[in-house]
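K.L.:
Required output: the full structure, derived from the provided sequences and hints.
Going by full-length UniProt numbering, 255 is the number at position 255 of the sequence shown; the sequence numbering is gapless.
One should not assume that every hint holds.
Capping the alpha-carbon separation at 20 Å, the derived lysine to aspartate or glutamate pairs in EDC-like fashion look like this [said to hold, decoys possible]:
| hint | residue 1 | residue 2 |
| --- | --- | --- |
| 1 | Lys314 | Glu516 |
| 2 | Lys611 | Asp522 |
| 3 | Lys362 | Glu350 |
| 4 | Lys542 | Glu300 |
| 5 | Lys494 | Glu535 |
| 6 | Lys163 | Glu625 |
| 7 | Lys647 | Asp283 |
| 8 | Lys480 | Glu516 |
| 9 | Lys601 | Glu401 |
| 10 | Lys642 | Asp226 |
| 11 | Lys362 | Glu401 |
| 12 | Lys121 | Glu625 |
Here are the in silico distance ranges between beta carbons for each label pair [stated by the list, open to error]:
| hint | residue 1 | residue 2 | range |
| --- | --- | --- | --- |
| 13 | Ser260 | Thr384 | 41 to 49 Å |
| 14 | Ser512 | Gly177 | 44 to 52 Å |
| 15 | Gly110 | Gln377 | 52 to 60 Å |
| 16 | Ser391 | Glu516 | 54 to 62 Å |
| 17 | Glu300 | Pro527 | 45 to 53 Å |
| 18 | Asn266 | Glu300 | 47 to 55 Å |
If you're looking for bench data, these hints aren't it; they were derived computationally from the structure. Ideal placement from N, C-alpha and C gives every residue a C-beta, glycine not left out.
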Amino acid sequence: MYSLKLFGIRVMGSFGDWSLAVLLTFILCASVQASEEGNGLYIQSANEQTGIWTQAPQLSTNADMVITGIVNRAIVTQAYSNPTDDWVHARYVFPLPQNAAVDRLYIRVGERVIEGEIQPKQQARQRFNQAASQGKKASLIEQHRSNLFSTSVSNIAPGETIKVTIEYQEIVTYQEGAFNLRFPTTFTQRYVPSSRSSPVLVDENLVLNRLQNGWAVPNSRVPDADQITPEPRDLIRENTISFTLSLEINMGLPIANIESDTASLNVTEISPSRYRVSLSESDIANRDFVLSWSPQAGSEPVAAMFIENASDAKYGLLLMVPPSSKVTHLKKNITFILDVSGSMYGEVIEQAKEAVIYGLSKLSPEDHFNVIYFNDQAFRISDTPLPASLSNIGLATHFVEQLTADGGTEMLEAIDSAFSVQTLPDALNQLVFVTDGAIANESELYSTINKDLGERRLFTVGIGSAPNTAFMQRAARAGKGTFTQIGDLSNVSKQLEELFQKLSSPVLQNLSVVWETGKSVDAWPNPMPDLYAEEPLVQVFKFEGESNTLSVSGRLQETEWQQQINTAAIMPSEATGLSVLWARTQIESIDLNPAITAFEKEKAITDLGLKHHIVTKHTSLVAIEKAPTRPVKQDAVTHAIKPMHPKGSRSTLLQSGLGSNRYVYVGLLMIVISLIGFTFMNYKRDCDRSDVIKQGASMQ
1 MYSLKLFGIR
11 VMGSFGDWSL
21 AVLLTFILCA
31 SVQASEEGNG
41 LYIQSANEQT
51 GIWTQAPQLS
61 TNADMVITGI
71 VNRAIVTQAY
81 SNPTDDWVHA
91 RYVFPLPQNA
101 AVDRLYIRVG
111 ERVIEGEIQP
121 KQQARQRFNQ
131 AASQGKKASL
141 IEQHRSNLFS
151 TSVSNIAPGE
161 TIKVTIEYQE
171 IVTYQEGAFN
181 LRFPTTFTQR
191 YVPSSRSSPV
201 LVDENLVLNR
211 LQNGWAVPNS
221 RVPDADQITP
231 EPRDLIRENT
241 ISFTLSLEIN
251 MGLPIANIES
261 DTASLNVTEI
271 SPSRYRVSLS
281 ESDIANRDFV
291 LSWSPQAGSE
301 PVAAMFIENA
311 SDAKYGLLLM
321 VPPSSKVTHL
331 KKNITFILDV
341 SGSMYGEVIE
351 QAKEAVIYGL
361 SKLSPEDHFN
371 VIYFNDQAFR
381 ISDTPLPASL
391 SNIGLATHFV
401 EQLTADGGTE
411 MLEAIDSAFS
421 VQTLPDALNQ
431 LVFVTDGAIA
441 NESELYSTIN
451 KDLGERRLFT
461 VGIGSAPNTA
471 FMQRAARAGK
481 GTFTQIGDLS
491 NVSKQLEELF
501 QKLSSPVLQN
511 LSVVWETGKS
521 VDAWPNPMPD
531 LYAEEPLVQV
541 FKFEGESNTL
551 SVSGRLQETE
561 WQQQINTAAI
571 MPSEATGLSV
581 LWARTQIESI
591 DLNPAITAFE
601 KEKAITDLGL
611 KHHIVTKHTS
621 LVAIEKAPTR
631 PVKQDAVTHA
641 IKPMHPKGSR
651 STLLQSGLGS
661 NRYVYVGLLM
671 IVISLIGFTF
681 MNYKRDCDRS
691 DVIKQGASMQ
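P.N.:
Following this line, the structure appears as structure tokens:
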């Protein structure tokens, strides 16, 4: 017999009853999660008639890229293999670079190739669902965030492999004298905050909705929560997603120092300005692939221009590096905001704490500071800015060292707390936000930053192997600051040194680009962001007519700044796809503009997506085979393919507004119910036995 107190009530019973209770609890909890057997991923069939466990489709990803000048054209192929005897539908949520303009979709089945069409999002969904129900092969590419997409594939035959190919275009970044390319292969699970109203209802009759199968429930703050929260793979028992990549760099100028901190490379020189690069071996899709290269000394670009003569107009891409300004010792009031939520657990939180401690060590005696840390709630070490004395910095450093990662990611509360701290009129008021950006309610943060920023500047520091780069870049842009990525613990000091040079440098503001004719260029982004030290001006524009000179102007501290550029002298290069980049950059500016209504945004973004054949939040690519391939009498099994855990992350709890894994709560609740139920059963049984004994005694 056992005896214990449960919520103050003494519970008694046999160990056999305990075993049965626990066994039933595990059975109940297991029914809502995937099952792993052998080397493959097994998941319960969506076919309610069979209810059997079947092996999920296997997935591999290959990326081929060609970089011409500063434009990257990428072809990404996802191969879905069905190892079962069932017909299968599959859905995979995956990241892409945040400025990627996805404009092509192909399905390849053997020798057959089916090309995708761009359509309004709801129309594309309806066509995909209809095709899936009719037994036709189909694929749907949707955008859920600027850097988060999904591929849905229908009717993969038993033993069959379907290849889904998407193509996109992006602008390669140039900063601190080096070119950089980032290709994400997985993403950190997004935190979904609790709803402030009733949940959004989902139509479970649609094939696509059954494919979404996310762990989070949609609500008024994140209405698409179920579409962006696939459960990650088990770190030990489930097979991995393989990843291969090859690219060609053709810069038009001599380059050097091609390297990656995240992968081992094979580099082949074709000419001093042209190289081939590939992975030394097939990799695992569990972190961002990052590549950098530098111009040879003396060939650094001051200005570069690319022109496309399209059928409707001319499009151009301008890159210009303004003259550098000297780093000055401007008085600063810096608030460090540190994410200590569960997604930061493991190596990531150590990187984050080191970043804040390094920042504290770089403060000057005339500076002020504060530290805010947050998970389910936000806390700050002081209600007012603290003088950067040695004792204050020492105490803050010791405090940060003791922090651990756990709980939810209530980032909005942290931002509100930072904006409530007083500013100092004689200092640069700056926020340094250290996080992996793993949230699903990004739009709320953008709105708050636009509304409450004031004279502050927001600088974001991305931590981890697969951070939400798009959110942090957009937040920094809305906050008139910059974004810094730290993917390697050994690079923390170097990259933060560059950040603090920006924090202490004059800012080039109120930028504009005008042709010599006096006409404003239809250029994007609009408005132009502020430029900090070593940052280039990059604009994509549409124009008519001819002009050999343009003027770039702005304000540097209290001085008006202007520079003339002779476009003929820098010999514009011909390029393709600039119209797509122009539309994509315009869409991002429209989406971030608080002065445009939601209805106006949707119409403008839809029109641009349809005209330029690109995937947006309101347009999707859909490819459908004409003839059905699945027999009418055979059903199809649906699967949501799990992404990989980011490298270095040990968090296995899926965070929502409850601040914990819903399965943990379900399991604990079932244990409590089981204990109470079996206690009552034992009590009733003992009472029945007592009655029988009493009856027997009275009969004697």
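K.L.:
It remains to establish, for every hint, whether it holds in the given structure.
P.N.:
Verification of the supplied hints:
1. Straight-line distance between C-alpha atoms of Lys314 and Glu516 comes to about 17 Å, which keeps the hinted pair within the 20 Å bound.
2. Annotation: proposed proximity of Lys611 to Asp522 holds, straight-line Cα distance about 17 Å (limit 20 Å).
3. Our distance criterion of 20 Å between C-alpha atoms is met by Lys362 and Glu350, whose separation comes to about 19 Å.
4. For the suggested pair Lys542 and Glu300, the alpha carbons sit about 26 Å apart, so the restraint of at most 20 Å is broken.
5. Simply put, Lys494 and Glu535 have alpha-carbon atoms about 17 Å apart, close enough for the 20 Å limit, and the pair holds.
6. Restraint check: the Cα-Cα separation between Lys163 and Glu625 comes to about 14 Å, which is no more than 20 Å; the hinted pair holds.
7. The suggested pairing of Lys647 with Asp283 holds, with an alpha-carbon distance near 12 Å, which does not exceed 20 Å.
8. For the proposed pair Lys480 and Glu516, the alpha carbon gap of about 28 Å is over 20 Å, so the pair is violated.
9. At most 20 Å may separate the alpha-carbon atoms for a hinted pair to count; Lys601 and Glu401 exceed this at roughly 44 Å.
10. With a C-alpha separation of about 13 Å, the suggested pair Lys642 and Asp226 falls inside the 20 Å cut-off, and the hint holds.
11. Under the criterion of a C-alpha separation no larger than 20 Å, the hint pairing Lys362 with Glu401 is consistent with the structure, at around 17 Å.
12. Restraint check: the Cα-Cα separation between Lys121 and Glu625 comes to about 19 Å, which is no more than 20 Å; the hinted pair holds.
13. For Ser260 and Thr384, the hinted distance range of 41 to 49 Å is satisfied, since their beta carbons lie about 44 Å from each other.
14. For the pair Ser512 and Gly177, the beta carbons lie near 25 Å from each other, so the given range of 44 to 52 Å is not met.
15. Evaluation of the 52 to 60 Å hint for Gly110 and Gln377 yields a pass: the beta carbon distance comes to about 55 Å.
16. Taken as a hint, the range 54 to 62 Å holds for the pair Ser391 and Glu516, whose Cβ atoms sit roughly 58 Å apart.
17. For Glu300 and Pro527, the hinted distance range of 45 to 53 Å is not satisfied, since their beta carbons lie about 27 Å from each other.
18. Between Asn266 and Glu300 the C-beta distance comes to about 26 Å, which lies outside the given range of 47 to 55 Å.
Hint compliance for this structure: hints 4, 8, 9, 14, 17, 18 are not met, and every other hint is.
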